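Both chains are given apart, each in its own frame, so use the hints to dock them into the complex.
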Amino acid sequence: MKKEDVISGVLLMGLSAVLYTQTLVDPSEIMFEDDIDPMKYPRMLIALLALLGAVLAGKGLRLAGTVSAVPIFSRRTLSVMAVLFLYAAVFTTVGFFVSSFAAAFAVAFIMGWRRIPALIAVCGFSMVVIWLLFTYILRIPLPVGTLF
Amino acid sequence: MDMIFSAFAEVLSPFPLIMNLMGVMVGMIIGALPGLGSVVAISICLPFTFGMQPLQAMALLLGVYCGSNCGGSIAAVLINTPGTPQAAATSIDGYPMARMGKGGTAIGWALGSSIFGGLFSCAVLVVAAPTVASFALQFGPLETFGLILMGLTCISSVSGKNQLKGLAAGVIGLLLACVGMSPFTPDARFTFGLYALDGGMDTVAVIVGVFAISEVIDRAERMLHEEQGSVLSVDRLKMPRIADYRGRLWNLVKSSIIGTFVGILPGTGATTAAFIAYGEAKRSSPRRDKFGTGEPDSIVAAESANNAVTGGALVPSLALGIPGDPVTAIMLATFILHGITPGVRLMADNPAIVYGIFVALAVANVLMWPCCCLTTRMFNYLLKTPEPILMGLITVLCVLGSYGSRGNINDVAVTIGAGIVAYLLRRSGFPMPPIVIGLVLGQQFEMSIGQMTLYKADLGWWEYISASPIALCLFAVTALILCMPLLRRLRTRS
Numbered sequence: 000m001k002k003e004d005v006i007s008g009v010l011l012m013g014l015s016a017v018l019y020t021q022t023l024v025d026p027s028e029i030m031f032e033d034d035i036d037p038m039k040y041p042r043m044l045i046a047l048l049a050l051l052g053a054v055l056a057g058k059g060l061r062l063a064g065t066v067s068a069v070p071i072f073s074r075r076t077l078s079v080m081a082v083l084f085l086y087a088a089v090f091t092t093v094g095f096f097v098s099s100f101a102a103a104f105a106v107a108f109i110m111g112w113r114r115i116p117a118l119i120a121v122c123g124f125s126m127v128v129i130w131l132l133f134t135y136i137l138r139i140p141l142p143v144g145t146l147f
Numbered sequence: 000m001d002m003i004f005s006a007f008a009e010v011l012s013p014f015p016l017i018m019n020l021m022g023v024m025v026g027m028i029i030g031a032l033p034g035l036g037s038v039v040a041i042s043i044c045l046p047f048t049f050g051m052q053p054l055q056a057m058a059l060l061l062g063v064y065c066g067s068n069c070g071g072s073i074a075a076v077l078i079n080t081p082g083t084p085q086a087a088a089t090s091i092d093g094y095p096m097a098r099m100g101k102g103g104t105a106i107g108w109a110l111g112s113s114i115f116g117g118l119f120s121c122a123v124l125v126v127a128a129p130t131v132a133s134f135a136l137q138f139g140p141l142e143t144f145g146l147i148l149m150g151l152t153c154i155s156s157v158s159g160k161n162q163l164k165g166l167a168a169g170v171i172g173l174l175l176a177c178v179g180m181s182p183f184t185p186d187a188r189f190t191f192g193l194y195a196l197d198g199g200m201d202t203v204a205v206i207v208g209v210f211a212i213s214e215v216i217d218r219a220e221r222m223l224h225e226e227q228g229s230v231l232s233v234d235r236l237k238m239p240r241i242a243d244y245r246g247r248l249w250n251l252v253k254s255s256i257i258g259t260f261v262g263i264l265p266g267t268g269a270t271t272a273a274f275i276a277y278g279e280a281k282r283s284s285p286r287r288d289k290f291g292t293g294e295p296d297s298i299v300a301a302e303s304a305n306n307a308v309t310g311g312a313l314v315p316s317l318a319l320g321i322p323g324d325p326v327t328a329i330m331l332a333t334f335i336l337h338g339i340t341p342g343v344r345l346m347a348d349n350p351a352i353v354y355g356i357f358v359a360l361a362v363a364n365v366l367m368w369p370c371c372c373l374t375t376r377m378f379n380y381l382l383k384t385p386e387p388i389l390m391g392l393i394t395v396l397c398v399l400g401s402y403g404s405r406g407n408i409n410d411v412a413v414t415i416g417a418g419i420v421a422y423l424l425r426r427s428g429f430p431m432p433p434i435v436i437g438l439v440l441g442q443q444f445e446m447s448i449g450q451m452t453l454y455k456a457d458l459g460w461w462e463y464i465s466a467s468p469i470a471l472c473l474f475a476v477t478a479l480i481l482c483m484p485l486l487r488r489l490r491t492r493s
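One line per chain: the protein sequences are R and X, in this order.
Numbering that gives the first Met the number 0 puts the first residue of the first sequence at 0, with every later residue one more than the last.
Numbering that gives the first Met the number 0 puts the first residue of the second sequence at 0, with every later residue one more than the last.
To be clear, the hints were calculated from the coordinates, so they are not data collected in a lab.
Among the hints, a few may not be true.
Stated by the list, open to error - A few chain X residues that face chain R, going by a derived Cβ cut-off under 10 Å, partial list only: (1) V125; (2) V126; (3) P182; (4) R188.
Please read these numbers as outputs of a predicted model, since none were measured by experiment.
Even for Gly, the Cβ is constructed at its ideal location relative to N, Cα and C.
Next comes chain X alone, as it looks inside the complex (with noise of 0.2 Å):
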């Protein structure tokens, strides 16, 4: 308890708190322009975290996340087109409403459901991954092995219908951590000779070109291909009333139950959270012949899930090290940014700092409300924003936040590079999220192999691994894991 009070002490004041207000302001400014979404958002956003403290870093990219999906619903709500994919199921509804002039209610609908589920959300993470990490500290190499085989495993559930693609793109992302010198000699690996690449590839640049350089090439060409949605206006905010709430209140609560649970399971998002809650909600919703006609039930369901995401996919992040989609393995590899070796260990060595995280999560869930009240009126303009403008200054701030993070123009260099290769690749049907799953977990993979063999020493590799039962689980749940697309296929065969 003494930990969350000063948790709460240090993330309230006056820096950590203007880190997560503007977290919350970029992501929402983010979130609200179609196809950017929260990775993106995170992208641009991680590079200046470089010269901060850990926890004002996490303070502020956690108030992107929860800005970035509260935002995305501003555009569905206004627009008809969701600012990130899992605001998609609000704009059912949300536009629906916008479109009878009530649009500042269904915004505030949102808003408050998001709200709701994010500290839903919070309140099981502060539950949940203190004694999931405890369990962990009894794992060794073997059992780390076998974690961090089973966080790779969420490489096939991110890669959709491409999974040989996906495949390739996670082999691709583990040979990009393996640049650099040897974790246990002190040789260097594909270097090609140039010294620049010795301490090998940053995360950061090769993160930025991943995301947002291949994002404005590709945005390059394909807005002559897309119709922009007209902009509905709105206002101001109408924030629901408690009395209105009355006959929702268990939809919120199922929801956001959906929400944490979905987002603790690695590899599954705040898409398939929103959608399975919104499905929910229209089997067991009393006005379910009403939705699609501007019904907040609907708007309720799907936030409440999509927001209450971000808290259950902290829990295997911050109490195993393994990132349950693409925006923790961008927090994960925050943490080795600034020196912090996530894993079972982050939360006995860091517990400062992972408390601090629980906290500032809560308070960027609260500061949505603020922010949205602020810039309701903003949205109208910003939605508005010409394209061509938006991409340009993207193009600035992405190659400033690369060369900012160490102050190397190598790192500009591999940052372009990453986003042109990245380009050419989502092009070809390979889906990015693999690349950064595997360079964020490449390095620790390597790591525990290594220590394994040494530690296994004259024993057999059956004999080793027999003898610990966590790593037999482990190595069971990755099998299920990878066999399940292929035991569901057979079953709809049947």
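Chain R with its partners taken away, still in its complex shape (with noise of 0.2 Å):
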């Protein structure tokens, strides 16, 4: 059984589960008989999607299973994705460079660099020298937040 097209294939059906819920609302009043239903085509696709899961996952408990020497889920990939969801949670709140600076430096450590002072000095430099670029010269605003 090859378990990742399994769960992969249990997966979008369920996702075609929850997206099916979605198209149940009632569409706004259609005032002519020509008009279109505006979730026929998403439940069009939708099928398609839940029967594309079903042959993934019928397909998957026929064939063999392989493995990975790189896990899915290892320390170092969780930690970069909690890393990418509190620098989207505090992006605004806590500003720009603060936010960005410890985003920059959290993922290189976590990638095993070591060597921190250099790293602080090539992730402050860089931050400057992006602040000033969106700032002075694609004139976009950064967010500020309470910490700058």
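What follows is the structure, encoded as structure tokens:
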């Protein structure tokens, strides 16, 4: 059994079910006989996705399993995901400079870079360059937040 | 002709020229870093185009496209690890040349051939795109539907061995395009009660997440399991003299023709072109017995073909609105971002931009020369840049890019969410380009279905379809493309 295919197939079917519930809302009043049901096309896509999920899971049951040398979830990948979540969560409240510096530092640290002074210098310098680039050249305002 | 001259004047004005130059530089740098490639390079740069005029944005992205193609060959020559997949064929003879102390010469051959291939395909683009586009003006909703359907079949060719998963990824992309208001009625779809999603998913945010953020997460663990190549140093770039091309000119032209033609075919790409041209050069070159030991013929073939794909891939994208590969899919997304609808009317409605793109592509190819000369020494250090630091900075640029495109924090959430989901999908063997192809073509696809339903009125479907020979041809070609793998398998079996 190819576990990843079976799980992917089942998840696709689950996703299709969740999306289908979203198409059950009442559409706005149909004014003309020829008006198009806005949920018809998405429902067709959902049905196709569910079918593909079922076929994928069915095929996965018949295929031999494979073992990848690189695990899908490891401490490193989960830590990077956590950093990304946190970064997105505090980006506007804390501000660009502190949050971005911390995110760049954390990702590099998680990925195994241990020369802390060099990392601080590179991250600090890069943030200043990025800020200047966004503010003065691209003229895109970056969030200042409580800590800049 | 007037359009071409005015496009030259516009592209060669300071800001678009600087954008083009920056694009080439950034593309070369990212392309030279093994594993990142053209798609990641363009994904990272895409959000920065938001504040620009459409032509400036395209000049930047075309520069990145050409620069990353060329940058990939530098890594292939110096560390025997192609920076981009299309440079894989270059390393076969480029690396042996570098080991003989001729790294600068090998990069020179690669650069010269890339420039020739790029300019050749650009000339083809200038001639072919307007012709195809003027024909495409006859298209109504039915023909447009057939065309987009044909474009969607390139999902099959970019899916490789994972056809089923590629199709599922394509459907996910089409569903992502449905998020937000329906194009026909005031109904919000798949918003889960979040008003932030009423306007739909920001294409830029999704693309950055799917390609760049998922790459960062993937690398976090993968870099532990992969060996880093040793870097050979090179002092300066040495361009081949005109006389050195004697006996290689036909190889150069033939490989450029192969690259341009492969580029025009939806869903094939630069890697295929490079290997077809390499194979052809190996078959026909008088120096074929030296291939693999540092023979410039193979570099000439691979590089001219892979860069000739750039112009070729833009023919269906600009004339018909069909993305030939993930890079052109992102470029079409850039049009949407700037309020321009890609498709059959693009050339008729926005000729200034389209001609500007022709010129920007040519200029980007020429700019590769000074950029590569300036940065050759830098690559010795760049290729030694620690990956963790690079990934940290890419993370920040991605998040800033998706935030900056609309100044909306919800887009950052979309980017992170798309990145994590894309990481899980790619680790389960799902190809990523179909998601973007589905996302880019999705809205037009749904619109054409709706318009077709209205235009058809009381006619039966067959009666309606059979009245259009163009649509019938498009459906036949689509069916042929879809049946091709099956026919190939049957032939192999027999």
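For each hint, the structure was consulted:
no. : hint : in the structure
1   : V125 : violated (31 Å)
2   : V126 : violated (36 Å)
3   : P182 : holds (8 Å)
4   : R188 : holds (6 Å)
Going down the numbered hints, you'll see the structure goes against 1 and 2, while the others check out.
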